[in-house]
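Order-wise, the sequence lines are chains A, B, C and D. Residues 1 to 348 in my numbering are what the first sequence spells out, letter by letter. Residues 1 to 400 in my numbering are what the second sequence spells out, letter by letter. Residues 1 to 296 in my numbering are what the third sequence spells out, letter by letter. Residues 1 to 263 in my numbering are what the fourth sequence spells out, letter by letter.
Keep in mind that the hints were calculated from the coordinates and are not lab data. It should be emphasised that the depicted structure is a prediction, and the values quoted were computed from it without experimental measurement. Don't be surprised by glycine CBs; every beta carbon is placed ideally from N, CA and C. A hint or two may mislead.
Distance condition first, Cα-Cα at most 35 Å in a straight line; then the derived DSBU-like pairs of lysine-lysine [said to hold, decoys possible]:
{"#": "1", "chain 1": "B", "residue 1": "Lys254", "chain 2": "C", "residue 2": "Lys129"}
{"#": "2", "chain 1": "D", "residue 1": "Lys240", "chain 2": "A", "residue 2": "Lys220"}
{"#": "3", "chain 1": "D", "residue 1": "Lys14", "chain 2": "A", "residue 2": "Lys220"}
{"#": "4", "chain 1": "B", "residue 1": "Lys254", "chain 2": "B", "residue 2": "Lys64"}
{"#": "5", "chain 1": "B", "residue 1": "Lys381", "chain 2": "A", "residue 2": "Lys154"}
{"#": "6", "chain 1": "C", "residue 1": "Lys129", "chain 2": "B", "residue 2": "Lys382"}
{"#": "7", "chain 1": "C", "residue 1": "Lys291", "chain 2": "D", "residue 2": "Lys145"}
{"#": "8", "chain 1": "A", "residue 1": "Lys342", "chain 2": "D", "residue 2": "Lys145"}
{"#": "9", "chain 1": "B", "residue 1": "Lys381", "chain 2": "C", "residue 2": "Lys188"}
{"#": "10", "chain 1": "A", "residue 1": "Lys124", "chain 2": "D", "residue 2": "Lys77"}
{"#": "11", "chain 1": "D", "residue 1": "Lys130", "chain 2": "C", "residue 2": "Lys162"}
{"#": "12", "chain 1": "A", "residue 1": "Lys338", "chain 2": "D", "residue 2": "Lys130"}
{"#": "13", "chain 1": "C", "residue 1": "Lys129", "chain 2": "A", "residue 2": "Lys124"}
{"#": "14", "chain 1": "B", "residue 1": "Lys103", "chain 2": "A", "residue 2": "Lys154"}
{"#": "15", "chain 1": "B", "residue 1": "Lys358", "chain 2": "A", "residue 2": "Lys154"}
Taking beta-carbon pairs under 7 Å as the criterion, some of the chain D residues facing chain A (in silico) [to be verified]:
{"#": "16", "residue": "Ser50"}
{"#": "17", "residue": "Glu88"}
{"#": "18", "residue": "Leu101"}
{"#": "19", "residue": "Asn114"}
{"#": "20", "residue": "Gly233"}
If you want the footprint, here are the derived chain B segments under chain C, 3+ residues with CB under 8 Å [what the hints assert, rightly or not]:
{"#": "21", "region": "86-99"}
{"#": "22", "region": "247-255"}
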Amino acid sequence: MAVTRFTTRSYPQDLRIFPSPAARISLVLLGALLLTFPLFMGTYGVFVACICGVSIISALGLNLLTGCTGLMSMGHAAFMGIGAYTAAILAARTGLPLIATLPLAGLAAALAGLIVGVPALRLKGLYLIVTTLAFQFIVEHVIYHWESLTQSDKGIALPSPDLFGFPLNSYQSYYYVILALAVAAAVFTKNLLMSRTGRAFVAIRDRDIAAEIIGIHMAKYKIMSFAISSFMAGVAGALYAYLLHLISPDHFTFNQSILYIAMIIVGGMGTVLGSILGAVFMVLLPEAINAVSGPLVSAYPDLAPRIGGLSVMVYGLIIIFFLLFEPLGLFGIWIRIKRYWKTWPYTY
Amino acid sequence: MKKLRTLVGIVMICFVFGALGAGIARAEVGVTKDTILLGTFQDLSGPAAYLGKLATGVLQVWMKDVNDKGGIHGRKLKLVVEDNKYDPVLTKTAFTKLVDQHKVFMIVSVYGSTPCTAIMPDIQAKKIPVYTTAAAVQTMFDPPQRYLFWYACNGQDQGILMADYVFKDLKARDPKIGLCYQDDEWGKDALDGMEMAAKKYGFKVVEAPYKRGTKNLNAQAMKLKAEGVTHCLFVGYAPVYAALLMEANKIGWKPVFFGDYVSVDPKTFMAGDLANGHYHIGNLGLRHEGGPGWKKIEKGFTEAGLESMLNEPLIPVLWNPLLLLTKAMKDCGKNLTRERLINAIEKTKNFDTGGLGKIEFGPNMRKGAHYCRILRADASKKIFVPVTGWRQPSLVWGKR
Amino acid sequence: MASNILIQLTITGLAWGSVYACIALGFVLIFKATDIFNFAQPELMMLGAYLTFAFITVLKLPFIWAFLAALVLMALITALLEMLVVRPLVGEPVLSVIMVTLGLANVIRGMTGLVWGYEEYQFPAPFPKDPLTIFGVAINQAEIYTIVATVILLVGFFLFFKYSQSGISMRATAEDTSAAFLMGINVKGVFTASWVIASLVATVAGVFMASLTYLDPIMSHTGLKALPALILGGLDSVHGAILGGLIIGVAENLAGFYLADYLGSGINEITAYVLVLIIMMIRPYGLFGTKEIERV
Amino acid sequence: MGFLEIREISLHFKGIVALDRVSLNVEEGELVAVIGPNGAGKTCLLNCISGFYRPDGGNILFAGRDLAHWRPDQIAKLGISRTFQNVELFARMNVIDNMMLGRHHHFRHGFWHNALFGYRATEEAVHRRKVEEIIDFLEMERWRKHLVSSLPYGVQKRVELGRALVQEPRLLLLDEPMAGMNQEETEDIARFILDIHEELGTTIVMIEHDMDVVMDISKRICVLDFGRKIAEGTPGEVQKNLDVQKAYLGDDATTLLKKEGAG
């Protein structure tokens with residue numbers, strides 16, 4: 001959090017999402033880059049970008065719950081799964097279009113969020129963590145065994161989505177849908193965090209008792225946080241389902257939940273930019289690890305069955321590294337770089 | 001205004017590069033004058049990493065063999081391996097990367113029902129030959145898909161074969177037949193086969209499914225024992241089979257066990273003597289039989305310094321299809337395209353693997369394995385000995 | 001026959017429950033002394049089992065020496081981990097400390113994978129394979145040893161906390177860290193000691209779990225079920241952790257037998273989680289946990 | 001009927017009596033101090049008023065309403081705000097955000113409005129203006145955008161007072177507002193409390209240990225000891241009360257005082 005000593009802005013200016021002209025210009029540039037991205041990246045690049053986008057939406061949701069409201073969830077992938085399966089079943093069985101399945105998937109997940117949120121009101125810390133963990137495993141079980149609905153591990157194949165009759169049958173076209181929704185989710189979250197709702201979330205995270213005594217309805221905001229977070233997870237799950245064309249119970253496992261937690265830690269707890277950076281980082285990390293492990297394996301074939309340990313270890317080390325040395329995550333690093341350039345060349 | 005111009009400039013440069021990239025067209029993707037680029041995704045670091053290691057080893061040995069003999073009509077084989085960690089999303093990523101970034105000619109030697117299922121829609125959409133998958137799912141070859149070739153031992157077949165053997169060969173009187181299976185498509189296929197056989201022979205299947213990753217099989221064993229099961233088929237991984245054997249011994253339940261083809265594996269002998277004398281269903285030639293096919297594998301692996309892998313009886317599942325692929329690619333001549341290759345694979349009949357097991361595909365037949373043998377475990381030598389010849393199930397497999 | 005089945009299922013359930021209880025005990029020890037929730041506990045269990053295995057197969061030590069050597073090595077490793085990784089985080093928000101232990105869990109799992117690969121190994125357990133038959137119920141000897149060892153451990157811990165000097169200082173630290181510090185108790189020592197003891201208990205659990213089945217990296221995933229056991233009993237209660245473990249061990253084995261036909265075959269794997277969800281609805285602080293009085 | 005009526009409330013924790021049939025009446029516009037030794041149950045009393053603890057017996061009426069069935073946040077909305085003994089600020093926010101939280105229940109638009117119609121800068125600005133007024137009032141301009149965790153303790157207490165003030169309370173509960181402050185800071189806070197009381201006309205119930213301040217600014221004092229009310233009255237009356245002297249100085253000291261008086 002930057003500390004500005006001298007401010008010449010008026011209140012409304014201060015209350016804008018992107019206050020400085022520099023921020024707005026770089027935003028325009030970034031926007032242009034994102035819009036033209038599919039033109040110069042290959043299909044694979046666009047596909048990875050799509051996964052980044054989906055992860056960003058989901059990570060934003062988790063960050064709202066865990067980073068901002070302080071309610072840790074180990075069942076985020078389960079919410080995504082509920083959204084994905086809602087969308088898949090609706091799309092495959094009833095042929096509803098994307099524009100209808102996305103919000104419905106979000107609502108289904110939000111409903112599940114409410115169901116978890118209500119008992120979670122009385123639970124604190126670890127009790128809550130284990131409850132969400134239980135939720136994760138139970139959802140996995142139900143998805144797996146409700147075969148008549150979910151087709152178990154055969155998975156559900158989704159039709160190619162279309163938007164108002166415009167078919168989205170390539171990653172390139174679908175990319176724009178994800179981009180739009182990811183941007184919307186980011187702006188929505190930023191907006192939320194700057195409003196009284198967001199402040200209430202943070203207040204509950206920092207000191208729940210004081211928050212309640214100064215007039216924040218804790219139950220309402222905790223449940224709201226659960227619902228919004230799972231809504232975003234649900235939408236992300238639905239987008240995921242369309243992107244992958246086929247989903248199975250293995251897409252939404254406990255490991256995925258941990259991955260999302262890692263995203264927000266690495267990115268930065270409680271910040272929008274942090275969710276984005278973290279999601280992108282964690283999606284691209286396997287690529288980086290493969291770049292190292294690939295040559296290693298070809299040089300030492302005996303290492304092949306063990307090299308996987310490397311990536312698991314790197315994940316762990318990254319989490320530990322950030323928590324020990326950079327608790328603000330990539331967001332913190334970004335802020336420091338920004339501050340460095342702001343005062344450049346008068347850095348001291 | 002200046003910034004806008006810069007922006008437009010950047011965008012235009014991007015366009016130019018994009019257009020250039022698209023413009024470099026080839027006759028067939030992945031095939032150049034002197035190379036054929038193959039791709040594969042392997043579990044190098046997930047729960048099935050031992051298979052990943054095996055498959056990469058087999059591919060190495062095979063490519064070296066082909067390339068040393070001058071390649072396919074002068075084209076050397078090259079391979080790109082992507083790690084999928086047995087994870088469906090990473091499999092999809094790996095597939096997209098192989099197809100869209102590396103631009104491989106085809107995908108070879110992949111396995112696992114979860115990963116392979118995840119890319120089924122893409123295989124059809126992108127028309128990439130995937131040869132062969134060893135995923136234990138019926139949907140891989142039923143209904144047949146042009147670009148997807150399958151070679152393994154079918155769960156349905158095994159269920160039927162087990163019942164056939166119990167009733168026809170062992171001539172068991174009023175047997176109680178049980179099935180302990182991993183509760184996914186793999187196991188459910190076996191259940192289907194058994195239920196088909198149950199109709200034919202007039203028995204009732206006692207089911208005891210377990211979840212993948214379960215370590216405690218006490219409840220399953222107790223259930224099978226309580227129902228008085230005398231003949232039990234196990235479908236799952238070998239260590240779990242060994243655990244079941246130990247659990248059965250613990251509760252004093254002594255049925256005749258049948259293991260499926262995956263448990264034709266030295267790990268079965270983790271249960272020690274308890275594994276002795278039980279039956280297995282296998283579709284592959286065995287190393288100790290000393291057939292010419294295995295001799296060749298031994299030579300190749302020893303040269304590559306991979307002797308340690310040779311005690312994996314599953315090697316032919318990966319090796320046999322590659323032998324057929326070599327022939328089919330050669331049959332295509334200089335003009336190697338995906339479509340011509342598929343036709344060539346379909347045309348190869350009576351392919352000789354050197355006693356490693358049958359493999360044959362047809363125009364509407366994407367299931368490469370048709371014959372199995374019943375084997376018997378010998379714990380003292382840690383080998384499996386065939387007790388029957390190659391046989392087909394008495395009922396025809398069908399769609400669920 | 002029906003009652004025999006029930007007894008048989010219960011005994012196996014108790015054996016597995018003992019394993020969960022040992023892991024949960026480690027969780028509680030660390031939590032009580034340091035307020036840190038160690039998510040790497042199942043991984044410590046796995047590491048202990050693998051180390052014992054390595055001492056037996058590589059150094060050809062007899063089981064008991066291998067086991068002792070593994071205990072010593074585990075003590076050293078966890079003491080180091082505690083000092084280098086966990087201690088800098090004492091006093092940080094609960095969430096980040098938990099996350100660090102999650103990261104630690106990943107590192108240990110990855111290292112195990114790098115060193116031993118992802119294959120299953122038969123664990124050279126010293127227990128006779130053939131079952132004992134008592135009143136018509138066949139019981140695995142490894143299960144008996146597991147249950148007996150857990151009971152001994154529990155009694156030992158009870159006495160340790162009740163009467164020994166270090167046990168009392170650990171209890172005092174758990175009660176009020178800063179007061180204990182001012183009383184001249186070596187708080188840092190107590191922190192390290194709690195981690196070391198937890199890792200020793202985990203090693204015992206790991207060796208028994210490996211003896212009951214085999215050795216593979218999925219062990220840690222099974223060990224995760226100690227979490228619901230712990231929460232079921234109540235986070236801050238040692239006997240609660242033990243009872244929670246036993247309840248879950250028995251319940252899941254019974255569910256696997258009686259309920260699998262109705263609720264799906266994986267039901268025994270999630271029984272623990274269903275139970276914990278139900279208990280949390282009724283008693284949000286577990287069966288034996290204490291309700292905190294909050295102050296402002 | 002009084003403005004705040006506490007009728008015979010009792011509170012127990014695991015067998016310990018925290019409050020034993022305590023009654024207290026506060027009229028609108030009054031400034032009442034609650035004093036007593038450590039552990040006398042003063043903070044428990046405030047906690048009961050703000051709804052954080054539920055009394056086991058008795059009831060509390062505020063402006064004619066029984067508070068028994070109100071949640072803490074609803075009680076805050078009724079117009080009771082408070083500060084805490086150990087500063088309960090949101091450490092990772094700056095001063096302005098902390099105070100904006102105090103405005104929480106004054107907002108008309110909630111989540112749906114923000115989500116559907118975008119960010120309501122106009123409404124934020126209205127409340128921001130109120131916050132800035134209080135900041136001026138408490139002379140905290142130079143710390144406006146500082147993280148509260150980076151501020152000295154005395155300033156933090158002032159921020160907390162500010163957060164309670166922006167709630168526009170009808171009743172302000174202060175839990176040891178001067179604890180841990182130096183002379184200068186104590187005087188500042190005492191001045192602010194008097195200003196709040198006189199300029200804004202807010203009713204104040206205050207717990208304080210600093211006897212000089214208590215005697216100076218409060219009109220009426222209530223003394224608690226071991227959960228019981230042992231005295232109530234003007235500063236002069238309370239000072240002379242024997243029970244109070246005993247509670248503060250112990251039995252021996254009282255006899256000592258008496259002897260001195262006699263001698």
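Each hint tested on the structure:
Distance hint between Lys254(B) and Lys129(C) is fulfilled; the C-alpha atoms sit about 15 Å from each other, no more than 35 Å. At most 35 Å may separate the alpha-carbon atoms for a hinted pair to count; Lys240(D) and Lys220(A) exceed this at roughly 50 Å. For the proposed pair Lys14(D) and Lys220(A), the alpha carbon gap of about 30 Å is at most 35 Å, so the pair holds. For the hint pairing Lys254(B) with Lys64(B), the CA-to-CA distance comes to about 48 Å; that exceeds 35 Å, so the pair is violated.
Using a Cα cut-off of 35 Å, the hinted pair Lys381(B) and Lys154(A) is violated, with the two alpha carbons roughly 39 Å apart. A hinted pair counts as satisfied when its Cα atoms are at most 35 Å apart, and Lys129(C) with Lys382(B) qualifies at roughly 19 Å. Distance check on the hinted pair: Lys291(C) and Lys145(D) sit about 39 Å apart at the alpha-carbon level, beyond 35 Å; violated. As the CA atoms of Lys342(A) and Lys145(D) are separated by approximately 19 Å, the hinted pair is consistent with the 35 Å bound.
The hinted pair formed by Lys381(B) and Lys188(C) fails the criterion: a straight-line CA distance of about 56 Å is larger than 35 Å. Note on Lys124(A) and Lys77(D): the hinted pairing holds, with a Cα-Cα distance of about 25 Å set against a maximum of 35 Å. The suggested pairing of Lys130(D) with Lys162(C) is violated, with an alpha-carbon distance near 59 Å, which exceeds 35 Å. Annotation: proposed proximity of Lys338(A) to Lys130(D) holds, straight-line Cα distance about 32 Å (limit 35 Å).
In summary, the hint linking Lys129(C) to Lys124(A) is not supported, as the alpha carbons are separated by about 45 Å, beyond the 35 Å threshold. About 28 Å separates the Cα atoms of Lys103(B) and Lys154(A), which keeps this hinted pair within 35 Å; it holds. Of the pairs offered as hints, the one joining Lys358(B) and Lys154(A) holds, with about 28 Å between alpha carbons and a cut-off of 35 Å not exceeded. The restraint placing Ser50(D) at the interface with chain A holds, with a minimum CB-CB distance near 5 Å, inside the 7 Å limit.
About 4 Å separates the beta-carbon of Glu88(D) from the nearest beta-carbon of chain A, less than 7 Å, and the hint is met. Interface hint at Leu101(D): satisfied, since its Cβ lies 5 Å from the closest Cβ of chain A, which is below the 7 Å cut-off. At its closest, the beta carbon of Asn114(D) sits 5 Å from a beta carbon of chain A; the interface hint therefore holds under the 7 Å criterion. For Gly233(D), the suggested interface contact is broken, since its CB lies about 29 Å from the closest CB of chain A, more than 7 Å.
Interface restraint, the region 86-99 of chain B with chain C: violated (0 residues with C-beta to C-beta distance below 8 Å; minimum three). Judged by the Cβ-Cβ criterion of 8 Å, the region 247-255 of chain B is covered by chain C as claimed, because 4 of its residues qualify and three suffice.
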